[in-house]
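> Note that the protein sequences, when read in sequence, are chains A and B. Just so you know, the numbering used here puts 339 at position 339 of the first sequence, and the rest follows in order with no gaps. Just so you know, the numbering used here puts 8 at position 8 of the second sequence, and the rest follows in order with no gaps.
Mixed in with the good hints, there may be bad ones.
Unchecked claim - Covered stretches of chain A (chain B as the covering partner; in silico rule of three or more C-beta atoms under 8 Å from a C-beta of chain B):
hint	region
1	109-117
2	184-191
3	207-219
4	258-265
5	286-300
6	370-379
To be verified - For the chain B half of the interface with chain A, some residues (derived, Cβ under 7 Å), not all of them:
hint	residue
7	GLN127
8	GLY137
9	LEU160
10	PRO184
11	ARG185
12	HIS186
13	PRO187
14	LYS190
15	TRP225
16	ILE238
17	PRO243
18	LEU250
Unchecked claim - If you want the ones that stay clear, here's a sample from chain B, every Cβ over 10 Å from chain A, calculated:
hint	residue
19	ASN2
20	GLU43
21	GLU50
22	GLY53
23	ALA66
24	ALA68
25	ALA88
26	LEU143
27	ARG155
28	LEU159
29	GLU168
30	LEU193
Source of the hints: derived by calculation from the structure; they are not laboratory data. Note that the Cβ used here is the ideal one computed from N, Cα and C, for glycine as well.
Listed below, chain by chain, are the residues.
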Amino acid sequence: MLIRVDPEKCNGCSQCVRVCPYGGIDVHDGKAVIDEMCNLCGACVQSCRFGAIIMELPSRDDIDTSAYSGVWVIAECSDGAPKKCTLELLGEGRKLADALGVSLEAVVLGADVGGLGPVLAHHGADKVYLCDHPVLGHYRTGPYADVLTGLINDKKPEIVLVSATSQGRDLGPRVAARIGAGLTADCTGLTIDLDERLLQQTRPAFGGNLMATILCRQARPQMATVRPNVMKKAEPDTRRPVNIESVPIHLDERGVTTKILEFVPHNTGETVNLVDAQIIVSGGRGLGKAENFSVVRELADTIGAAVGASRATVDAGWIPAHHQVGQTGKTVQPKLYIACGISGAVQHLAGMGSSEVIVAINKDKNAPIFDFATYGIVGDLFEVVPALTRELKKALS
Amino acid sequence: MNIVVCVKQVPDTTDVRIDPETNSLIREGVESILNPFDENGVEAALQLREQHGGKVTVITMGPPQAEAILRHALAMGADEVYLVCDRAIRGSDTLATSYTLAKAIEYLGEFDLVICGKQAIDGDTAQVGPGVAERLGIPQVSLAIALEVEGRKLRARRLLDDASETVEVRLPALVTVVKQINEPRHPPMKGVLKAKKAQIPVLDAETLELDPKLTGFAGSPTFVWKIFTPPRRARGQIIEGEPEEAAKELAQKILGLNVISIS
Ligand SMILES: Cc1cc2nc3c(=O)[nH]c(=O)nc-3n(C[C@H](O)[C@H](O)[C@H](O)COP(=O)(O)OP(=O)(O)OC[C@H]3O[C@@H](n4cnc5c(N)ncnc54)[C@H](O)[C@@H]3O)c2cc1C
Ligand SMILES: Nc1ncnc2c1ncn2[C@@H]1O[C@H](COP(=O)(O)O)[C@@H](O)[C@H]1O
Numbered sequence: 001m002l003i004r005v006d007p008e009k010c011n012g013c014s015q016c017v018r019v020c021p022y023g024g025i026d027v028h029d030g031k032a033v034i035d036e037m038c039n040l041c042g043a044c045v046q047s048c049r050f051g052a053i054i055m056e057l058p059s060r061d062d063i064d065t066s067a068y069s070g071v072w073v074i075a076e077c078s079d080g081a082p083k084k085c086t087l088e089l090l091g092e093g094r095k096l097a098d099a100l101g102v103s104l105e106a107v108v109l110g111a112d113v114g115g116l117g118p119v120l121a122h123h124g125a126d127k128v129y130l131c132d133h134p135v136l137g138h139y140r141t142g143p144y145a146d147v148l149t150g151l152i153n154d155k156k157p158e159i160v161l162v163s164a165t166s167q168g169r170d171l172g173p174r175v176a177a178r179i180g181a182g183l184t185a186d187c188t189g190l191t192i193d194l195d196e197r198l199l200q201q202t203r204p205a206f207g208g209n210l211m212a213t214i215l216c217r218q219a220r221p222q223m224a225t226v227r228p229n230v231m232k233k234a235e236p237d238t239r240r241p242v243n244i245e246s247v248p249i250h251l252d253e254r255g256v257t258t259k260i261l262e263f264v265p266h267n268t269g270e271t272v273n274l275v276d277a278q279i280i281v282s283g284g285r286g287l288g289k290a291e292n293f294s295v296v297r298e299l300a301d302t303i304g305a306a307v308g309a310s311r312a313t314v315d316a317g318w319i320p321a322h323h324q325v326g327q328t329g330k331t332v333q334p335k336l337y338i339a340c341g342i343s344g345a346v347q348h349l350a351g352m353g354s355s356e357v358i359v360a361i362n363k364d365k366n367a368p369i370f371d372f373a374t375y376g377i378v379g380d381l382f383e384v385v386p387a388l389t390r391e392l393k394k395a396l397s
Numbered sequence: 001m002n003i004v005v006c007v008k009q010v011p012d013t014t015d016v017r018i019d020p021e022t023n024s025l026i027r028e029g030v031e032s033i034l035n036p037f038d039e040n041g042v043e044a045a046l047q048l049r050e051q052h053g054g055k056v057t058v059i060t061m062g063p064p065q066a067e068a069i070l071r072h073a074l075a076m077g078a079d080e081v082y083l084v085c086d087r088a089i090r091g092s093d094t095l096a097t098s099y100t101l102a103k104a105i106e107y108l109g110e111f112d113l114v115i116c117g118k119q120a121i122d123g124d125t126a127q128v129g130p131g132v133a134e135r136l137g138i139p140q141v142s143l144a145i146a147l148e149v150e151g152r153k154l155r156a157r158r159l160l161d162d163a164s165e166t167v168e169v170r171l172p173a174l175v176t177v178v179k180q181i182n183e184p185r186h187p188p189m190k191g192v193l194k195a196k197k198a199q200i201p202v203l204d205a206e207t208l209e210l211d212p213k214l215t216g217f218a219g220s221p222t223f224v225w226k227i228f229t230p231p232r233r234a235r236g237q238i239i240e241g242e243p244e245e246a247a248k249e250l251a252q253k254i255l256g257l258n259v260i261s262i263s
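Using the sequences plus the hints, can you model the full thing?
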């Protein structure tokens, strides 16, 4: 891989100097000069308005795959703690690293995130790269991609795992495109083929009707975004050694083009969070209208469950979108999932199929949901669900 | 304002069914449609044109049949459409697709905004939009639910997993849009008739000066190694009886699971 400055086009404006996260470029005699600090992250290429910095991407067969080693997990955090999806990546990453006999390393980007280092180490990271800088305080594609690309180009991990969250699915493809790596989206299964030292990446396709296993033979790293709530979380072990490397970062707010004007967390207003819920009661189009969600809510309140919904009810405006379970909604994995008036389309199944016990109440005995429900009642939900609520109330009081 | 919208032809996955006997995909009767999120993208572009003037160009990369969705875009009101089509680009993964689309956008000349759908419903990767933005060297705003342009500034509200945020970037930029951003218009009869007769220009690998190492199979680091039907959950037990009785029995089963922890 090569990066160079075209002196014909460079006018010495210094924009590239401001954006370089590694201090690897400077202006001498009115022209940009790249030195050995350069990390090949490509931030300068992007920032140059005159097309004066040129990076040549490697062709596939030039890559020496043996130069890449280690499994990386890109951490996401909120309020100074790693998110659940990150602990899941560490759990999965540990298995892959052990299978390959390499180290598991975590990368944290953020502002004042030093406290995360030990937590990530206790959850299985042999090493933590700490990218701590005020500019990284709130996620923005540009600076996150610059720092991460530089670090990948420098350290050369063979596998990079990113959570398939709104953040990871924004960052992953940007970084993969810049380094010419393969990226498999929204994986639900990861295994190692030891013969070829390849990551086998399995993911749903065609709306969950089929599964596809994707390989990436020639390019490195092998990158994947991993669906939250599918992999098992790593358990902490405070006896594990803590090994933290601080990555020097020279970002400048002036070089960042994206400004955050407002950030509003969704106020779910519900007592229980859908994604972490042990029990979920979901309503579908069978409810008939928005007000009838009360039937579902009452059962949910009785047994301390979260309220879920099919897309049809969200589309109809009966309930806000953050209640939606399924392919385009949330993936949930409760111990008990009670579906009321839901037909059980594959796209809905994609989000709740790994629930331990599934209960279906539907008046159509041919509804697909009965093909995978643990217990089913064929009947009118307006009779069955209130009766069930009464029974459970009685038993629990 | 020059807006380029990237659209993709996809099979309507709501129609896709699995044959339980053979465990294979039943493709019969499955229609090819304009990716729903991309239809929202075309609508968003048309609305911006209505506010600010300019031109809406819609492009797709795909087989000759993909023409159909370009006609749909024309009927909706797009000014120009292009089909990126060549044997050399078959087998492209998201990386190679991003490269190829970016080359096409550059070929078409000056632009202010590129719009993609959040994801295509066949692959559901959501990777092509950010990939195109990277290749073009412009900022990206994914998951937009509202857009507003003022001078050279674009303000967008983004719908995140558990929050929403408003960001501002300078044009040119790329956005990907979610379904809730708008309600796509039905093409007017006049538009449909005009679109039917339109000639669809084709851009091939030579015209776009594509590097054969970066497109098609050669430019795709990932490949599908195997496809299989997901393991199915077993069919469970139907609880029979009158609603009251059935509910009673179900309540016992639920209590037996020992998952309720109400104080
Ligand atoms: C790209 C794509 C992504 C999608 N993503 C999702 C997703 O994330 N989540 C999702 O849920 N869907 C998703 N869908 C939509 C999905 O295909 C279905 O359309 C949707 O799940 C159907 O919702 P439903 O079961 O509530 O409605 P319906 O399919 O209309 O089913 C209603 C059911 O209620 C029963 N019923 C009616 N009245 C009563 C009564 N009184 N008592 C008992 N039963 C009754 C009926 O028999 C019927 O089975 C997606 C589709 C596409 C194309
Ligand atoms: N072959 C293609 N031609 C044009 N646009 C595409 C193509 N593939 C993907 N896109 C665009 O990229 C978005 C995301 O697609 P994907 O990454 O495949 O989920 C789509 O909504 C389209 O806007």
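> Confirm or reject each hint.
Here is how each hint holds up against the structure:
{"no.": "1", "hint": "109-117", "verdict": "violated (count 0)"}
{"no.": "2", "hint": "184-191", "verdict": "holds (count 3)"}
{"no.": "3", "hint": "207-219", "verdict": "holds (count 13)"}
{"no.": "4", "hint": "258-265", "verdict": "holds (count 8)"}
{"no.": "5", "hint": "286-300", "verdict": "violated (count 0)"}
{"no.": "6", "hint": "370-379", "verdict": "holds (count 10)"}
{"no.": "7", "hint": "GLN127", "verdict": "holds, 4 Å"}
{"no.": "8", "hint": "GLY137", "verdict": "holds, 5 Å"}
{"no.": "9", "hint": "LEU160", "verdict": "holds, 4 Å"}
{"no.": "10", "hint": "PRO184", "verdict": "violated, 14 Å"}
{"no.": "11", "hint": "ARG185", "verdict": "violated, 18 Å"}
{"no.": "12", "hint": "HIS186", "verdict": "violated, 17 Å"}
{"no.": "13", "hint": "PRO187", "verdict": "violated, 22 Å"}
{"no.": "14", "hint": "LYS190", "verdict": "violated, 30 Å"}
{"no.": "15", "hint": "TRP225", "verdict": "holds, 4 Å"}
{"no.": "16", "hint": "ILE238", "verdict": "holds, 5 Å"}
{"no.": "17", "hint": "PRO243", "verdict": "holds, 4 Å"}
{"no.": "18", "hint": "LEU250", "verdict": "holds, 6 Å"}
{"no.": "19", "hint": "ASN2", "verdict": "holds, 18 Å"}
{"no.": "20", "hint": "GLU43", "verdict": "holds, 17 Å"}
{"no.": "21", "hint": "GLU50", "verdict": "holds, 24 Å"}
{"no.": "22", "hint": "GLY53", "verdict": "holds, 25 Å"}
{"no.": "23", "hint": "ALA66", "verdict": "holds, 18 Å"}
{"no.": "24", "hint": "ALA68", "verdict": "holds, 20 Å"}
{"no.": "25", "hint": "ALA88", "verdict": "holds, 15 Å"}
{"no.": "26", "hint": "LEU143", "verdict": "violated, 6 Å"}
{"no.": "27", "hint": "ARG155", "verdict": "violated, 7 Å"}
{"no.": "28", "hint": "LEU159", "verdict": "violated, 8 Å"}
{"no.": "29", "hint": "GLU168", "verdict": "violated, 5 Å"}
{"no.": "30", "hint": "LEU193", "verdict": "holds, 31 Å"}
The structure shown violates the earlier hints numbered 1, 5, 10, 11, 12, 13, 14, 26, 27, 28, 29.
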